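Asks: Here's the letter readout for the chains.
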Amino acid sequence: MPTLPVPTFTQVVFVLIAAFTVISGLGVVVARNLFHSALLLAATFFGVAGLYVMLEAEFLAVTQILIYVGAVATLITFAIMLTRGAMHGETNPLNRQWGKAALFAFLFLVGLLGYLGGIPWPAPFQAIQADEGLIARLGEQLVTRYMVSLEVMGLLLMVALVGAILLARDDKP
Amino acid sequence: MVPLNWYLTVAALLFALGLYGALARRNAIAVLMGIELMLNAANLNLVAFWRYGEQVMALTGQVFAILIIALAAAEAAVGLALIIAVYRDRRTVDVEELDLLQG
Amino acid sequence: MAESYLPLLILIVLALGFGAVVLVLPALLGPREINKQKMQPYESGIIPFTSPRRRFPVKYYLVAMLFLVFDVEVIFLYPWAAVLRDMGVFALVAMAPFLLVLVLGFVYELKKGALHWR
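Residue numbers (my numbering), protein chains in the order written: chain A, 2 to 174; chain B, 1389 to 1491; chain C, 460 to 577.
The hints are simulated quantities; they were obtained by calculation from the structure and are not laboratory data. Quick caveat, the model's predicted, so the values are computed rather than measured. Worth double-checking, as some hints may not be accurate.
[Stated by the list, open to error] Capping the alpha-carbon separation at 16 Å, the derived lysine to aspartate or glutamate pairs in EDC-like fashion look like this: (1) K518(C) with E568(C); (2) K518(C) with D171(A); (3) K571(C) with D171(A).
[To be verified] Which residues of chain B face chain C? A few of them, derived with a C-beta cut under 7 Å, are: (4) A1458; (5) A1465; (6) A1473.
Backbone N, C-alpha and C define an ideal beta-carbon position, used for all residues, glycine too.
Based on the sequences and whatever the hints tell you, model everything.
Replies: Pasting the structure below:
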């Protein structure tokens, strides 16, 4: 190919959403103020939800917003407010192994991207028939093929509920 | 149309950022945020592979992604409860000061 | 398929643009005067009597956490509800242990008094 191919509209939108996601992700790990980190984390979750929409996984996008943005980000914000003052007087958000961590993460990324580039990925994707009803299909899969996963997930949620109450509760009157 | 490896590249970037955040931050809550980023990257990979895979209607990647989202939510609830319990006991959430197990 | 989200994209762009305009215009056009009254945190007209920067009680966190767990439960219920009519009793029975276990957790939480606002 002698010239660069002209990007399609979908590709432009993808690049915008991806850039938004990655830049807010970068903000999460470099922000000095923990509160900013939490808000940027919510932005990252939004970006990932946008990528799910581009992958035609609408239910997952809604799930992502409902659980991550609506609940996990809120929970993290609450935890930050609960432990406020813990890092009082400390301005350095990085621990003493941050250099090694940065090197490791960078080498990991380079290795991963190099590996990605070397594989001929299947290019075309099959169209989804709109009349199939993906969400109903998902429910069917959940109660048939993945029934055990579902029950185990129920157990896990119960244990998490009990454990978190036990840990977080202030038993002093 | 967007090639598959664009999604994989975004996921790899997010994962590396999360890895750095989980390893390099001092505040335990920030470490947890790094872990959440990594889980999101893994999810993005699963959904992308589902979409570009052979059997779209089997929905394997989507089911996995939903399970991982639920898992991440449970992990966040317990992890943050742990951090709050530690904070109540030690008055710190700095991972470098929590070294009781260090010999 | 993804192209059918074009109106949503236009809406997002318009909303962001409107937000930016509303933030930028007053800064350009409005008079600037900073005094003590103006810089006070606004609390519906009541003069704030404590610092907003104090830590707040753990009970808020507990409520948020309970919300999170039942939020996740709803995510599993939604696709199940979409297929319930077609699959009938089988889907109902398959979901029963999941719900039962979570109700157990809920009963524990009630007994522990986690929903009591002390």
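Asks: Hints first: check each against the structure and report whether it holds.
Replies: Here is what the structure says about each hint:
1. K518(C) with E568(C): 13 Å, holds
2. K518(C) with D171(A): Distance of about 8 Å is within 16 Å: holds.
3. K571(C) with D171(A): 12 Å, holds
4. A1458: 5 Å, holds
5. A1465: 5 Å, holds
6. A1473: 10 Å, violated
In terms of the numbered hints stated before, the structure departs from hint 6 and from no other.
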